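Enquirer: Make one complex out of these two single chains by using the hints.
Sequences listed follow chains P and G, in order. The numbers in my numbering rise by one with no breaks, and the one at position 60 of the first sequence is 60. The numbers in my numbering rise by one with no breaks, and the one at position 75 of the second sequence is 75.
Each hint should be verified, as a subset may be incorrect.
Residues of chain G clear of chain P, computed beta-carbon distances all greater than 10 Å [unchecked claim]: (1) M11; (2) F12; (3) E15; (4) N22; (5) T24; (6) S26; (7) I28; (8) L45; (9) A48; (10) L55; (11) A78; (12) D83; (13) G85; (14) K97; (15) L98; (16) V108.
Restraint-style ranges between C-beta atoms, simulated for each label pair [unchecked claim]: (17) I80/G <-> L74/P: 19 to 29 Å; (18) E63/P <-> N58/G: 34 to 44 Å; (19) D38/G <-> E59/P: 34 to 44 Å; (20) H85/P <-> S57/G: 42 to 52 Å; (21) G53/G <-> D65/P: 41 to 51 Å; (22) R111/P <-> S27/G: 29 to 39 Å.
Hint data in this document are derived by calculation from the structure and do not stem from the laboratory. Computed from a predicted structure; not experimentally measured. C-beta atoms are modelled at their ideal positions from N, C-alpha and C, and glycine is treated no differently.
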Amino acid sequence: GAVVSQHPSWVICKSGTSVKIECRSLDFQATTMFWYRQFPKQSLMLMATSNEGSKATYEQGVEKDKFLINHASLTLSTLTVTSAHPEDSSFYICSALVGSSYEQYFGPGTRLTVT
Amino acid sequence: GQQLNQSPQSMFIQEGEDVSMNCTSSSIFNTWLWYKQDPGEGPVLLIALYKAGELTSNGRLTAQFGITRKDSFLNISASIPSDVGIYFCAGHRQGGKLIFGQGTELSVKP
Chain P
1 GAVVSQHPSW
11 VICKSGTSVK
21 IECRSLDFQA
31 TTMFWYRQFP
41 KQSLMLMATS
51 NEGSKATYEQ
61 GVEKDKFLIN
71 HASLTLSTLT
81 VTSAHPEDSS
91 FYICSALVGS
101 SYEQYFGPGT
111 RLTVT
Chain G
1 GQQLNQSPQS
11 MFIQEGEDVS
21 MNCTSSSIFN
31 TWLWYKQDPG
41 EGPVLLIALY
51 KAGELTSNGR
61 LTAQFGITRK
71 DSFLNISASI
81 PSDVGIYFCA
91 GHRQGGKLIF
101 GQGTELSVKP
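Next up, chain G with everything else stripped away, as it sits in the complex (with noise of 0.2 Å):
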């Protein structure tokens, strides 16, 4: 089925560092979402974007819905241990479903 593209795959950076990835599709979206996955757990949503340019935080979190519509992007400063995890992008159009990103696979140093 169809995906976002979804940058980096993963990521092995030092506890500290700030964290950056992104999504970026070929259609428009009317909502981005972003979530977290821990190892033999379901997601768990972070952040949800509704409006084109809209920049919403959530703790050390931040993510952005593209001007264009057609990307995202989310932010993590200061990481710890905690943050390790696969992070999803997905993508609303419409009707309800999710069209998902491949991931990114974080992984932190202490």
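Chain P on its own, in the form it takes in the complex (with noise of 0.2 Å):
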């Protein structure tokens, strides 16, 4: 149980284009899921907390603007990078709540790459 997945599993896009990540949680529903970005060698960094059905919550230094959180239903949420610029390009990560506990469950990531 608590299987998390992501689409597309990575992309490569254009300066200047937007990309659409989406994580769903496949046997559980998810009232709260978190959006993470890491950089090789280095820690996962919390972007964003998503919740269904209301405004996604973005951590200091996170441009809701550029990183739109859309949480519509409790299976799916989704991350569109708006305008990507090459130093967009990261390993995207997501992950739900599962039930009232804090155990959070992964996504396998998206590994962005912006030329």
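Expert: Here's what the structure looks like:
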């Protein structure tokens, strides 16, 4: 149980275009999901908390107009990187909270490369 | 952002050896979690700890929630090559958000 999927697993896009990444909870409902980014050899950096049916809460320093988050259902959250630039290239990972526990289950990640 | 102090940063061990890593914080946490991340993958939850002093095992893995609630350790016994990866501790205080350690990169020599 507690399986989280992400799509796509990798994407290459040109500078200035937008990219959407999907995060799905496959066998449970997730009221709360989280989006992280991770640079090589570094830890996970929380970008935002996504709550079903409400606006996402962004961490300090994360541009909400650039990283658009939508959590329209209990099993799907999306992250759209708008007007992507090479510095947005990173590994983006989502996670979901299971029930009332504090255990976060992570998706497999999406490798974004902006050329 | 705030991070936990995780050590060591990296370890090179021989297959069959035991491994120990730990995390410390200046703040109290309500929950400690340990994850393992393979290259190009998302972290996988290994062990969750909920009570101060709690000692929990998962196969060859054992983790403890420090009595002061400011630290936790993870032990791996009789390491095998598939234990290779990066291990992260994470602490939860409130609101569902986790704070992660810097990671311990484990290499196992057959």
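Enquirer: Confirm or reject each hint.
Expert: Verification of the supplied hints:
A cut-off of 10 Å between C-beta atoms confirms that M11/G is not in contact with chain P; the least separation is 15 Å. In this structure F12/G is separated from chain P by more than 10 Å, as the shortest Cβ-Cβ distance comes to about 16 Å. Residue placement check: E15/G keeps its beta carbon more than 10 Å from all beta carbons of chain P (closest about 24 Å). Chain P leaves N22/G outside its interface by the beta-carbon criterion, the shortest separation being 16 Å against a cut-off of 10 Å.
Listed as a non-interface residue, T24/G keeps its Cβ farther than 10 Å from every Cβ of chain P; the least gap is roughly 15 Å. Its beta-carbon lying about 17 Å from the closest one in chain P, S26/G satisfies the requirement of being farther than 10 Å from that chain. For I28/G, the non-interface assignment is confirmed: its Cβ lies about 14 Å from the closest Cβ of chain P, beyond the 10 Å cut-off. Once the 10 Å rule is applied to beta carbons, L45/G is inconsistent with being away from chain P; the minimum gap is 6 Å.
In this structure A48/G is not separated from chain P by more than 10 Å, as the shortest Cβ-Cβ distance comes to only about 5 Å. Against the 10 Å criterion, L55/G stays outside the reach of chain P, whose nearest CB is about 18 Å from its own CB. Look at A78/G: its CB is around 26 Å from the nearest CB on chain P, clear of 10 Å, so calling it non-interface holds up. Distance to chain P confirms D83/G as a non-interface residue, since its nearest Cβ pair spans about 19 Å, more than 10 Å.
Residue-level check passed: G85/G sits 13 Å from the nearest beta carbon of chain P, beyond 10 Å. Not every beta carbon of chain P lies more than 10 Å from that of K97/G, the smallest distance being close to 6 Å; the non-interface claim is violated. Residue-level check failed: L98/G sits 6 Å from the nearest beta carbon of chain P, not beyond 10 Å. Under the 10 Å C-beta cut-off, the non-interface status given to V108/G relative to chain P holds; the minimum distance is some 19 Å.
Roughly 38 Å separates the CB atoms of I80/G and L74/P, a value that falls outside the hinted 19 to 29 Å. Distance hint for E63/P and N58/G: a CB-CB separation of about 39 Å, consistent with the stated range 34 to 44 Å. In this structure the hint that D38/G and E59/P lie 34 to 44 Å apart at CB is violated, the actual value being about 26 Å. Hint check: H85/P to S57/G, Cβ distance near 46 Å, so the stated range 42 to 52 Å holds.
Checking the proposed 41 to 51 Å range against G53/G and D65/P shows it holds: the Cβ atoms sit about 46 Å from each other. In this structure the supplied range 29 to 39 Å holds for R111/P paired with S27/G, their Cβ-Cβ distance being about 33 Å.
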